[in-house]
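Q: Okay, here's what each chain looks like letter by letter:
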Amino acid sequence: MSVVSILQQLHDTQLGTALRESLIMFPLIEGVHLIGLALSVGLILITDLRLVGLFLRNVPVAEVLNGLRPWVLAGFAITFVTGVVLIVAEGPKIWEIPVFPLKLVLIVLAGLNALWFELKYGKSVSVWGEHSTFPNGAKVAAWVSLVSWSAVVICGRLIPYLDTTIH
Amino acid sequence: MSTEALFNSIQHSALGSVLGTAHPLIGALVQLVHIAGLLLILSAIVLVNLRLLGFGLKRQSLPQLVKATTPQIWYGLALLALSGLFIFIPSASIYYANPAFWTKFILLAIVLVIQFSLFKQITSAESPKRAVAVLTAFTSLVLWFGVAFAGRAIGFI
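Residue numbers (this note's numbering), protein chains in the order written: chain A, 1 to 167; chain B, 168 to 324.
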C-alpha cells in the first residue's frame, strides 16, 4: 500500500472530514502545534547552545540536560500528536509539497541523532557533565541537533508557501 | 483620522506597495525570521518560568538566569518586530478586520507591560514567595502562549 493511499484513507475518516469542516479546529491545532514547538525545539536549542558552549556556560551540563529533558519530551509529544492530527486532515494535499516529506526525513535524522546522544552521553552526563571540557562527540551531536531541528522548523513553516495548489 | 483610515493609508503608502509586490519567497523568508524570533523569546520565557515554578534549572539563581536570558528576549523582540512590520504594512487593511490580530496585540501589550514591571521585580529576588512565583509564572506563560496562539490564528480567521 502506498503512502498516498494510506494518507487518503486517513483523510476520508470521520475525524479527517470533521477537522476540515470545522472552522475552529484548524487554528486551534495549529496554535497548539506551535506552542509544543516552542517547548520542544525552544528548549532543545537552549540545551544545544549550552553543549557547544555558547549559552549558560556557568550552568552544569548535567543540570541542563536532566532538568529540561522531561519538558522537551512533553513538548515533542504535543507537537507530534497535533502534527499527526494535521496529517489526518490534510495528508494527501501536503504530501504533494516536497518540503513536507523532506521535513519528515529531517525529523527522523534529528531523532536518531538525539537517540544516539542519549545512549552514548545522556546516561553518563552526571560523570562528564560536571567537567569544563567534555567529549567532542557530544558537541558534534549538539551541532547536528541545532542544524537539523532548525531545518525541520524551516521546512514546516514553508509548507503553505510552497503549496502550488493554493497560489 | 480613524484607526481604519490609518491602516488603509499604511497599506497604500509607498512602503506598503513596495513590500506588497515583493516576491512570495521573500514573504516566506520573513515568516521564517518571525518564527525564529518567536522561538528565541518563548524559549527564554519558558526557561525562566519553569525555574519560577521550581522545575527545569531549579538549582540556578533566579536573578542570574533572568540576566542570562534577557539578551535573548531583546533579540527575539527585535526579529519579531522587524519581520512583523514587513508582514503587517502591505496588508494592514486586511488585519484591521481580523479579530485574531487585535487579540494578539492586546495580549502582547499586556504581557510586555507585565514583563518589564511585575515580572522583572518578582524575578529580581533570589527566592520569591511560592504563591507569588507560581502566580507570576502562570500569568506570564498564559499570556505569552496566548500571543503565539492568537498570532497563529490570524492566518485562519
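To be clear, the hints were calculated from the coordinates, so they are not data collected in a lab.
Fair warning: there could be bad hints in the mix.
Coverage of chain A stretches by chain B, computed from C-beta distances (three or more under 8 Å per stretch; other residues unrestricted) [as the list claims (entries may be wrong)]:
1) 6 to 18
2) 50 to 63
3) 115 to 121
If you want a taste of the chain B side facing chain A, the calculated C-beta under 7 Å gives, among others [what the hints assert, rightly or not]:
4) A195
5) V197
6) Q198
7) L199
8) V200
9) G223
10) R226
11) Q227
12) L229
13) K234
14) A235
15) A248
16) G313
17) F316
18) F323
All residues carry an ideal CB built from backbone N, CA and C; glycine is no exception.
Q: Hints first: check each against the structure and report whether it holds.
A: Now for the hints, and whether the structure bears them out:
1. 6 to 18: violated (count 0)
2. 50 to 63: Check passed, 5 qualifying residues.
3. 115 to 121: Violated, because only 0 residues of the segment 115 to 121 of chain A bring their Cβ atoms closer than 8 Å to Cβ atoms of chain B.
4. A195: holds (4 Å)
5. V197: This interface hint is violated because 10 Å lies over the 7 Å limit.
6. Q198: holds (6 Å)
7. L199: Check passed: Cβ of L199/B comes within 6 Å of chain A, closer than 7 Å.
8. V200: Hint violated; V200/B Cβ to chain A Cβ min 10 Å, cut 7 Å.
9. G223: Hint on G223/B: holds, closest Cβ of chain A at ~5 Å, below 7 Å.
10. R226: With a minimum Cβ separation of about 6 Å from chain A (threshold 7 Å), the hint on R226/B holds.
11. Q227: Check passed: Cβ of Q227/B comes within 6 Å of chain A, closer than 7 Å.
12. L229: Constraint on L229/B not satisfied, violated at 13 Å.
13. K234: violated (11 Å)
14. A235: holds (6 Å)
15. A248: violated (18 Å)
16. G313: violated (9 Å)
17. F316: With Cβ-Cβ at 4 Å, under 7 Å, it holds.
18. F323: holds (4 Å)
Of the numbered hints given earlier, the model fails hints 1, 3, 5, 8, 12, 13, 15, 16; all others are met.
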